[in-house]
Amino acid sequence: MTSGESSSNDVESNVTDSEYKPSISALFLIKFDQKVGYVLSWKRSANDVTLEGAVEYKSLPSGLHAVKSDLVYFIHEGYAGLSAFVNGPASEAERNAHFVAVGVLVPLSYGRLGRSWLHARSLQKMASTLANDPSDMTPLEEFWEQYRADAKANGHASKAPGQPQLSESAPQARPGKHSRARALSSITAVLPAEQLLPTFHPALSVLQYIDTFGPLVFRLQEAALLRKRVLFMTTPPVRAACEYVYNLSLLSSIPNPAFNLLPPGAENLHRLRSLFTIGIHDIPELEKMNKPANGNSSPSESPVPPEGWVACTTDEIITTKSQLYDIIVEMPPVYDAKPQKRRWPTIKTSDGAPVKATQRDLWRYKLLRHELRKYRDDFAAVDSQEEEEDTAQLLPHDENKDDDEHSIDELYDEKLVEPMTWSRLAYYGFMWWASAGEKDAFIKQEQDRDRALLGDLSDFLSDEVQNEQSEERVHAGLHTAIIAYFHRWTSSMINTLSELIEASDDNEDDDQEAVHVSKDDISALGFDCWSEPDKAFIGDFAWMYFGRRVEVYGGSIECCGLQIC
Numbered sequence: 001m002t003s004g005e006s007s008s009n010d011v012e013s014n015v016t017d018s019e020y021k022p023s024i025s026a027l028f029l030i031k032f033d034q035k036v037g038y039v040l041s042w043k044r045s046a047n048d049v050t051l052e053g054a055v056e057y058k059s060l061p062s063g064l065h066a067v068k069s070d071l072v073y074f075i076h077e078g079y080a081g082l083s084a085f086v087n088g089p090a091s092e093a094e095r096n097a098h099f100v101a102v103g104v105l106v107p108l109s110y111g112r113l114g115r116s117w118l119h120a121r122s123l124q125k126m127a128s129t130l131a132n133d134p135s136d137m138t139p140l141e142e143f144w145e146q147y148r149a150d151a152k153a154n155g156h157a158s159k160a161p162g163q164p165q166l167s168e169s170a171p172q173a174r175p176g177k178h179s180r181a182r183a184l185s186s187i188t189a190v191l192p193a194e195q196l197l198p199t200f201h202p203a204l205s206v207l208q209y210i211d212t213f214g215p216l217v218f219r220l221q222e223a224a225l226l227r228k229r230v231l232f233m234t235t236p237p238v239r240a241a242c243e244y245v246y247n248l249s250l251l252s253s254i255p256n257p258a259f260n261l262l263p264p265g266a267e268n269l270h271r272l273r274s275l276f277t278i279g280i281h282d283i284p285e286l287e288k289m290n291k292p293a294n295g296n297s298s299p300s301e302s303p304v305p306p307e308g309w310v311a312c313t314t315d316e317i318i319t320t321k322s323q324l325y326d327i328i329v330e331m332p333p334v335y336d337a338k339p340q341k342r343r344w345p346t347i348k349t350s351d352g353a354p355v356k357a358t359q360r361d362l363w364r365y366k367l368l369r370h371e372l373r374k375y376r377d378d379f380a381a382v383d384s385q386e387e388e389e390d391t392a393q394l395l396p397h398d399e400n401k402d403d404d405e406h407s408i409d410e411l412y413d414e415k416l417v418e419p420m421t422w423s424r425l426a427y428y429g430f431m432w433w434a435s436a437g438e439k440d441a442f443i444k445q446e447q448d449r450d451r452a453l454l455g456d457l458s459d460f461l462s463d464e465v466q467n468e469q470s471e472e473r474v475h476a477g478l479h480t481a482i483i484a485y486f487h488r489w490t491s492s493m494i495n496t497l498s499e500l501i502e503a504s505d506d507n508e509d510d511d512q513e514a515v516h517v518s519k520d521d522i523s524a525l526g527f528d529c530w531s532e533p534d535k536a537f538i539g540d541f542a543w544m545y546f547g548r549r550v551e552v553y554g555g556s557i558e559c560c561g562l563q564i565c
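Once you know that position 418 of the sequence shown is 418 in UniProt numbering, the rest is easy, because the numbers rise by one and skip nothing.
Some hints could be false.
[Said to hold, decoys possible] Computed cross-link-like contacts, DSS-like style, restricted to lysine-lysine with a CA-CA straight-line distance of at most 30 Å:
id	residue 1	residue 2
1	K356	K374
2	K68	K125
3	K348	K519
4	K321	K288
5	K68	K35
6	K366	K321
7	K519	K366
8	K31	K43
9	K366	K356
10	K68	K31
11	K288	K348
12	K415	K519
13	K356	K68
14	K415	K366
None of these hints come from the bench; they were simulated from the model.
Please model the complete structure; the sequences and the hints are all you need to start from.
Pasting the structure below:
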């Protein structure tokens, strides 16, 4: 790919040859000085890249001194930044610690991070070396000469010939009227199971992402699809949170076949912008981004929303400025405890209202968890946070608990999941009575839809991989399967809503502007007909992506043609 080309390709196959690592526009070393704090002690950069007064703060989030090492992703002036931090041993005069960070800036011409993770291992090694011997700058000089942007003909390293990739291509130009095509694609392009992601690729953490948030992953997905400003509040180390930022943006991207069903003007909705690590020094920039994208003070006057983003921070002061974000995700300090003692993240709106998963979210998560657990007994989870082999389970499991898909145990309490509404309980009771104890056909149809949408995860594992029982290749297939699952859900949602809108427009007897969405339509869209937040989401989504108003009718109980509740 030449420097003049642009692409939003994000997940690529294993690229290990140094020839195909991205060019860098800056390389820098940050040290801790007891008198002045963190200082930029060595740097090399292109003429148009400003480093001073910026990368020191972006590379070293608040509280990072409390950890031994970390990888920090950030965005700076149109570049993707990656910094490797090491807390090395030092003399008592230096407070027994020697803080060193080695970082790079790469062009954002390729994906959300410019493939900067391909340099992660080298940055870690240089940081460790400099933590032990801060006087030797030879490794930095050599690295700069090898990878600086003007050292490559194209200004950016290209992909190895013949290497397949999982990509999100930029949206293509579309005709004035949105397409009526009905073809759905499970994902833009599927990474072959025999290909592996690079060791430090952020998408490798998608299994951990699912594990960490449980059924809340669907609420995060909805917030991201509405292009909200989503902020993860975390504690160091920040690598996991940075990768969750990447995962949320990737999972909520609109696959091209579905995107082509949208009317013109929706180009900015193709994916959620990723800011990665932010701090108090980014507040002025966040305030600039706080304005609606169309200059309107009232977003309700236009389907064009303010610019959304997803980021993470360790600075609690940002969370006090609720006007800067829409959704705050508070990460617990420790989320790898045993299932009985684990703490789930909490999600709130900027005004403090809690965001909980729906009953259908819980069912879908249990279904996904059940499918992933099929591989738990044969393989250990690949933990992208450690270079060493991790023997943790793929997903938490209490052997003493019955994994009944309909039960709600202490793992999913009322703090995490919306309680059963009176109307829902009454409906289930009525249907049990009316059908002599048989399961309601509507409930079964809904669950069958969810099973079909998830599909068979083994489809993403080649016969060769399944026969060899290769741990790395199995998990490479599972990463792809999860991404495909969320993209299928988004595509199905857009396709179904597009059909409802077209059917409403073609109905000559319907003079109303609003599109009617029934209980069955809610279910087909993949939502809970008894959940008020789900019904509100459908309305917001239709307005944002199609510029159409809808009237959503949820679940109810009818007897002899009369609505009871």
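Going through the hints against the structure:
For the hint pairing K356 with K374, the CA-to-CA distance comes to about 27 Å; that is within 30 Å, so the pair holds. Proximity of K68 to K125 is assessed by CA-CA distance (about 14 Å); at most 30 Å being required, the pair is judged to hold. Between K348 and K519, the direct Cα distance comes to roughly 27 Å. Compliance with the 30 Å bound is thereby established for this hinted pair. Proposed proximity of K321 and K288 is supported: the alpha carbons are some 14 Å apart, at most 30 Å.
Under the criterion of a C-alpha separation no larger than 30 Å, the hint pairing K68 with K35 is consistent with the structure, at around 22 Å. Between the alpha carbons of K366 and K321 the distance comes to roughly 36 Å, so the proposed pair goes past 30 Å and is violated. Taken as a hint, the K519 and K366 pair is honoured in the structure, with Cα atoms around 23 Å apart against an allowance of 30 Å. Of the pairs offered as hints, the one joining K31 and K43 holds, with about 12 Å between alpha carbons and a cut-off of 30 Å not exceeded.
A hinted pair counts as satisfied when its Cα atoms are at most 30 Å apart, and K366 with K356 qualifies at roughly 16 Å. Among the hinted pairs, K68 with K31 is consistent with the structure: their alpha-carbon atoms are about 15 Å apart, no more than 30 Å. Of the pairs offered as hints, the one joining K288 and K348 holds, with about 23 Å between alpha carbons and a cut-off of 30 Å not exceeded. For the suggested pair K415 and K519, the alpha carbons sit about 26 Å apart, so the restraint of at most 30 Å is met.
Our distance criterion of 30 Å between C-alpha atoms is broken by K356 and K68, whose separation comes to about 34 Å. Annotation: proposed proximity of K415 to K366 holds, straight-line Cα distance about 17 Å (limit 30 Å).
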